[in-house]
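Protein chains: 4
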Amino acid sequence: MVKVGIAGGSGYGGAELIHILLRHPQVEIAWLSSQQHVNKSVAEVYPHLRGFLDLKFSSVQDLPAADLDLLFLALPHGHAMKMVSGLPKGLAIIDLSGDFRIEDPAVFEEYYGIPLEAPEIQKCFIYGLPEINREKIRGARRVSNPGCFATATILALYPLAREGWVKGPIFVDSKTGSSGAGNSPTAGTHHPRRTNSLFPYKPFRHQHLPEIVQVLAGSNPLIFQTYSAPFVRGIFASHYMELHRPATAEEVRALFMDYYGAERFIRWVADKPDVNYVRHSNYTDIGAASDGPHLIVWSVLDNLQKGAAGQAVQNMNLMLGFPEETALNLAPVHP
Amino acid sequence: MVKVGIAGGSGYGGAELIHILLRHPQVEIAWLSSQQHVNKSVAEVYPHLRGFLDLKFSSVQDLPAADLDLLFLALPHGHAMKMVSGLPKGLAIIDLSGDFRIEDPAVFEEYYGIPLEAPEIQKCFIYGLPEINREKIRGARRVSNPGCFATATILALYPLAREGWVKGPIFVDSKTGSSGAGNSPTAGTHHPRRTNSLFPYKPFRHQHLPEIVQVLAGSNPLIFQTYSAPFVRGIFASHYMELHRPATAEEVRALFMDYYGAERFIRWVADKPDVNYVRHSNYTDIGAASDGPHLIVWSVLDNLQKGAAGQAVQNMNLMLGFPEETALNLAPVHP
Amino acid sequence: MVKVGIAGGSGYGGAELIHILLRHPQVEIAWLSSQQHVNKSVAEVYPHLRGFLDLKFSSVQDLPAADLDLLFLALPHGHAMKMVSGLPKGLAIIDLSGDFRIEDPAVFEEYYGIPLEAPEIQKCFIYGLPEINREKIRGARRVSNPGCFATATILALYPLAREGWVKGPIFVDSKTGSSGAGNSPTAGTHHPRRTNSLFPYKPFRHQHLPEIVQVLAGSNPLIFQTYSAPFVRGIFASHYMELHRPATAEEVRALFMDYYGAERFIRWVADKPDVNYVRHSNYTDIGAASDGPHLIVWSVLDNLQKGAAGQAVQNMNLMLGFPEETALNLAPVHP
Amino acid sequence: MVKVGIAGGSGYGGAELIHILLRHPQVEIAWLSSQQHVNKSVAEVYPHLRGFLDLKFSSVQDLPAADLDLLFLALPHGHAMKMVSGLPKGLAIIDLSGDFRIEDPAVFEEYYGIPLEAPEIQKCFIYGLPEINREKIRGARRVSNPGCFATATILALYPLAREGWVKGPIFVDSKTGSSGAGNSPTAGTHHPRRTNSLFPYKPFRHQHLPEIVQVLAGSNPLIFQTYSAPFVRGIFASHYMELHRPATAEEVRALFMDYYGAERFIRWVADKPDVNYVRHSNYTDIGAASDGPHLIVWSVLDNLQKGAAGQAVQNMNLMLGFPEETALNLAPVHP
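First to last, the sequence lines map onto chains A, B, C and D. When we follow the numbering used here, the leftmost residue of the first sequence carries the number 1, and every step to the right adds one. When we follow the numbering used here, the leftmost residue of the second sequence carries the number 1, and every step to the right adds one. When we follow the numbering used here, the leftmost residue of the third sequence carries the number 1, and every step to the right adds one. When we follow the numbering used here, the leftmost residue of the fourth sequence carries the number 1, and every step to the right adds one.
Chain A extracted, bound-state conformation (with noise of 0.2 Å):
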């Protein structure tokens, strides 16, 4: 069995991870931090999990590092960076936010608002979509769990960006469910303002759009716009764009097959995407509407799963040799 640590495990991406791992044959949970709940049980912090892991949650300066095989780091964006070269090398490493994700320390700092301390230590972690990066993260030891907007935009628009098929910007409208900001109760996610409403956030300068932009390589603009949705899990995202030449909906499905054909968590939905029928999944569904000269795009994934958690035990997966599907395999559920 493989022991595994999670800092930073009480927030929503922590219960997701231990949900998922709770299920995973080869993995043991042996080590949790909250520096809000040391010494609470799992059971207190996260009733749903009453019976399912006798585990109580440490302070993060109690780490047991040599007792470990691998450690995911679930803490605020500024909080690994500091912490990571402290740790063995022998010790696997998956970070779920920000600070392992971006190459140039300068966009960083402009889109993170602090220095990015170690960009030595930044250049040894692995961006973590398998779809696009798999063998590399084979054989890494460090990863870097990407952005769950990115994830989305990053699936939609690649084989687009690599075939050069995009002419002008591409506009992507993106709606997050409440989940995706964390379980601190925040003026956005009270009840009364967010059940009936949606509303734009962080115009132009959402931190998930500087990863994207180093995974595509492209030449396009993209302008990126995120939003907040009443639902709690799943991110819809919509890609608009003028292409260089006509293309039918067979062809825009045809290019989709030929780079994720064979993928377990990618499926065609043509022009049916519904954050419904991903959720609680680690699939992202992909579908598309053309009319001849203009291409839309949808991509939909559920932010803690694909965009999250679940992409975070795929790359576990993948860097300790498991099948990369192992506690992965649930379909969607739905209603």
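In case anyone wonders, no lab produced these hints; they're calculated from the structure. Just so we're clear, the structure is a prediction, and the values are computed from it rather than from any experiment. Think of the CB as a built atom: it goes at the ideal place given N, C-alpha and C, for glycine as much as any other residue. Please note: incorrect hints may appear among the correct ones.
[Stated by the list, open to error] Cut-off 20 Å, straight-line C-alpha distance, at most; resulting in silico cross-link-like pairs (EDC-like, lysine to aspartate or glutamate): (1) K202/C to E44/D; (2) K202/C to D291/A; (3) K40/A to D271/D; (4) K202/B to E44/A; (5) K202/A to D291/C; (6) K202/D to E44/C; (7) K202/A to E250/C; (8) K202/C to D271/A; (9) K202/B to E250/D; (10) K40/B to D271/C; (11) K272/B to E44/C; (12) K272/A to E44/D; (13) K202/C to E250/A; (14) K202/A to E44/B; (15) K202/B to D291/D; (16) K202/A to D271/C; (17) K202/D to D291/B; (18) K40/C to D271/B; (19) K202/D to D271/B.
[What the hints assert, rightly or not] Example chain A residues on the side facing chain C (calculated, C-beta under 10 Å, incomplete): (20) V172; (21) K175; (22) R194; (23) P200; (24) Y227; (25) F236; (26) V275; (27) S290; (28) V300.
[To be verified] A few chain D positions that, by computed beta-carbon distances, are all more than 10 Å from chain A: (29) M1; (30) I29; (31) Q35; (32) V60; (33) A66; (34) H77; (35) H79; (36) Y112; (37) Q207; (38) S219; (39) A254; (40) G292.
Since the structure of chain A is already known, use the hints to place chains B, C and D on it.
Chains B, C and D alone, transformed into the frame defined by chain A:
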């Protein structure tokens, strides 16, 4: 024009008061306070009211008591009782907190957890439930506005209590929308938790219970259980009881018609109550079903209207001699 | 008192019309029809209006045309055009369907799937968007009320189209609440499916597109994509585009102020649009964000108010010479 | 591998059965029927299951009875009793409808509105509530799966009824999510109506009442009131009662532990029940609060899991000799 002020006007109750008073032909909103938002405009604090009221929030310390005819106090529990003794006798006051609802200081302290500072001032306050206390309110200068749960349950039980129909305990299962918790985000109103949930709180001990007991003055034990429900506005109260002698649906209806047939803001709805159908109005819909020996009585209201600001304006109209329904004569809104 | 009738008054648009007209001091609702609810009372069909209007639904065949001054037609597409030719010339008409919005019969048939039966009658109808066509509406006897999506997008794009700021295609991502689908249950409005979902429908081909194109008369391709969102009321429309020359936020604001600064029912909200803040009102909130070369314009409205019944009453007020805001001067409601 | 079929597999209960059985290591789903969707694939009818089960829906007439080991009947009430007599004795059957739950034909007819066609067949069915009837289910070939409301209320009241703690009537206030109504759109599940509502239905007369009475066999009148609540999944049942002698919280807990302490799918939650914390799992969380003479007992479950498909698989495991928790050992999911 009557000049009114609202102390503590930046909560949901305050916004609702403003909304109602804006359509009151005899009233001018002359002053607003909010400790949190001093010097901010109404439009900044309430984006939906942009363009409707050109006023800034003051500090409650800057109350221009001499310039106002009537003051609504919409402050947290414990604040009004510190403040009222310093106000001019001539200033009419409607307090929306629990500070002046309870006659017995020991009971007040038991349920509110703080001592009742000015019991003699409490005695000057009339309990502002017009359907029960209309004539007393007409002459009053000091009115204590009832709690939202209390309004729903008193109106549902008053005829039965007065006529002595009930044998044994009355069980109350009362569900509230999230706006009842106010506009400060909390764990219980965090969208990911609240939107698909139902959970009880304050078993047997909600602070609205003593004002209900005080008004009903009955001998039936009252078991009062409150729940958080996943809608925004509304109280849905179910009352379960055994009757001394079996009653038909028609007899029950006749009893309630007898008490409330002439009431503008009470409607009889038989077995079809729904919070949907009173929303954004000052109405209480009451209905019932009976199997003969047992009776279920339902009452539904909008917690920010009949449960708070609407009833406060109804009280104001009575106190100032305006027609009782002024500014309150809009139909409920659905969907 | 002006006597008005509503044909097809049992849908959400009809209920909203009744709700608004009940507070109109110069109007009496004299007649209502519903094929589904003939002889039922308003209270049976709309429980929230219990006690507000003592009227029964008639059959549309029993229209007392001679006794009415104005008739609202709130019938499904295809019905109004069969009916209007038989109505007295003197009867003012406001049609809420799509029947008379489209000038070109071929375009109408393409989008509505039925032939335009009376093209010459269509020519008598003024497109009832007061902010664009106010003077024509004032003298009109026949007005065609715009679609909800169309109102949102035309108001958002009109100044830009008129001034020729936009280079290349405009992409519209427009989300509607469930009330837009009417009050008949369907798969797309089934609560277990709708409440946590987001999904596109009618890719590129929504029937509101041609009326937008007709009004804007621009040369920019319009890519128009509609979505079902999990709130009840509201249209939230996002418009993405590239500009011929970069514009600052202030220049964009100035442009819109130039066109709409005097409009009672349009508010500028910069980068803070939210469907929450226009609900239950006739307002359209418009805002924008720019990164220089690219522009996002947002418009939000209540689909049953400015998107249907509110705008219909605004048109009625203009047609009949009442102040334009009569019965529409209530602030939005939140939460 | 055991081969199972699902007749009537296109409803929410059927989808949930498939979802659970897909992770059952000893079971193969060999056949599905749906009168509405004959010849459609699982992916067409359930987009979330796309890629997980390559099977088409048959007509129930084409049941390959000889090729199946066990058949789940998920048909509307009244269908199973017409069908079962024609099935081979060797085929194990679990019926999810109400057809075989009620022993007394007169009571059945009173609550279901149709005659019980085959009372002698009904006698062959074991009432499939494992926590009460485990040993009988183990040897059974015919099991009648309990109703969702019935499961919640029987589990909450069984220890109290057996020990005779309750004096006088027990009042049950039970709220269901919208998925309980099935996947056919109706007025009560129309999103604009349901999403912010709460309303009672079937006062005193829900068809799950007689199976509760039959199991509890107590002398306390049971007043059973059901409500439609605005969440999707879940039963939240509140039970109100007076006790013969006062009980402390600890005594109540001890009673329930005595009965359920060894149960895998029951958790004691004191005064913290919430439908959030059992969702997508087979758990029933039970808790209580007492003021001494009066007791409130709460039970919450997922209506599609412990209230339907989960319990059906629990019964299957018992009938076929598999470990009872096989395929049901996932933790609840939140948020």
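So, going through the hints one by one against the coordinates:
1. Restraint check: the Cα-Cα separation between K202/C and E44/D comes to about 19 Å, which is no more than 20 Å; the hinted pair holds.
2. With a C-alpha separation of about 12 Å, the suggested pair K202/C and D291/A falls inside the 20 Å cut-off, and the hint holds.
3. For the given pair, K40/A sits about 19 Å from D271/D by alpha-carbon distance, which is consistent with the 20 Å threshold.
4. Of the pairs offered as hints, the one joining K202/B and E44/A holds, with about 19 Å between alpha carbons and a cut-off of 20 Å not exceeded.
5. For a cut-off of 20 Å, the pair hint linking K202/A to D291/C stands: about 12 Å separates their Cα positions.
6. Proximity of K202/D to E44/C is assessed by CA-CA distance (about 19 Å); at most 20 Å being required, the pair is judged to hold.
7. Taking the CA atoms of K202/A and E250/C, the gap is near 18 Å; set against the 20 Å cutoff, the hint holds.
8. Pair hint K202/C plus D271/A holds up; C-alpha atoms about 9 Å apart against a cutoff of 20 Å.
9. For the hint linking K202/B to E250/D, the alpha-carbon distance of about 18 Å falls within 20 Å, and the restraint holds.
10. For the given pair, K40/B sits about 19 Å from D271/C by alpha-carbon distance, which is consistent with the 20 Å threshold.
11. Taken as a hint, the K272/B and E44/C pair is honoured in the structure, with Cα atoms around 11 Å apart against an allowance of 20 Å.
12. Of the pairs offered as hints, the one joining K272/A and E44/D holds, with about 11 Å between alpha carbons and a cut-off of 20 Å not exceeded.
13. This hinted pair checks out: K202/C and E250/A have alpha carbons roughly 18 Å apart, not beyond 20 Å.
14. The suggested pairing of K202/A with E44/B holds, with an alpha-carbon distance near 19 Å, which does not exceed 20 Å.
15. For the hint pairing K202/B with D291/D, the CA-to-CA distance comes to about 12 Å; that is within 20 Å, so the pair holds.
16. This hinted pair checks out: K202/A and D271/C have alpha carbons roughly 9 Å apart, not beyond 20 Å.
17. At roughly 12 Å between alpha-carbon atoms, K202/D and D291/B fall within 20 Å of each other, so this suggested pair holds.
18. The hinted pair formed by K40/C and D271/B meets the criterion: a straight-line CA distance of about 19 Å does not exceed 20 Å.
19. The straight-line distance between the Cα atoms of K202/D and D271/B is roughly 9 Å, inside the 20 Å bound, and the hint therefore holds.
20. Checking V172/A against chain C by beta carbon gives a least distance of about 9 Å; that is within 10 Å, so the hint holds.
21. Look at K175/A: its Cβ gets to within about 6 Å of chain C, closer than 10 Å, so that hint holds up.
22. With 10 Å as the threshold, the beta carbon of R194/A comes within range of chain C, its nearest partner Cβ sitting at about 9 Å, so the hint holds.
23. The criterion of a C-beta within 10 Å of any C-beta in chain C is met by P200/A, whose closest approach is roughly 7 Å, and the hint holds.
24. For Y227/A, the interface hint holds, the least distance from its beta-carbon to any beta-carbon of chain C being 8 Å, beneath 10 Å.
25. Restraint check, F236/A versus chain C: the minimum CB separation of about 4 Å is within 10 Å; hint holds.
26. Because the beta carbon of V275/A sits about 5 Å from the nearest beta carbon in chain C, less than 10 Å, this interface hint is met.
27. Taking 10 Å as the C-beta contact cut-off toward chain C, the hint placing S290/A at the interface holds, the least distance being around 8 Å.
28. The interface hint given for V300/A holds, since its Cβ lies 8 Å from the closest Cβ of chain C, which is under the 10 Å cut-off.
29. No Cβ of chain A comes within 10 Å of the Cβ of M1/D; the nearest lies about 18 Å off, and the non-interface call holds.
30. Listed as a non-interface residue, I29/D keeps its Cβ farther than 10 Å from every Cβ of chain A; the least gap is roughly 12 Å.
31. In this structure Q35/D is separated from chain A by more than 10 Å, as the shortest Cβ-Cβ distance comes to about 21 Å.
32. Every CB of chain A lies more than 10 Å from the CB of V60/D, the least distance being 24 Å, so the non-interface label holds.
33. No Cβ of chain A approaches the Cβ of A66/D within 10 Å, the least distance being about 29 Å, so the stated non-interface status holds.
34. Every CB of chain A is more than 10 Å from the CB of H77/D (nearest about 21 Å), matching its label as outside the interface.
35. At roughly 23 Å, the least C-beta separation between H79/D and chain A is larger than 10 Å, which holds for a residue marked as non-interface.
36. Non-interface call for Y112/D relative to chain A: holds, since the shortest CB-CB distance, roughly 26 Å, exceeds 10 Å.
37. Non-interface call for Q207/D relative to chain A: holds, since the shortest CB-CB distance, roughly 23 Å, exceeds 10 Å.
38. Taking the minimum C-beta to C-beta distance to chain A, about 35 Å, the non-interface status of S219/D holds against the 10 Å cut.
39. The claim that A254/D lies off the interface holds: its Cβ sits roughly 19 Å from the closest Cβ of chain A, which is beyond the 10 Å cut-off.
40. At the 10 Å boundary, the C-beta of G292/D stays outside the reach of chain A, the nearest C-beta of that chain being 27 Å off.
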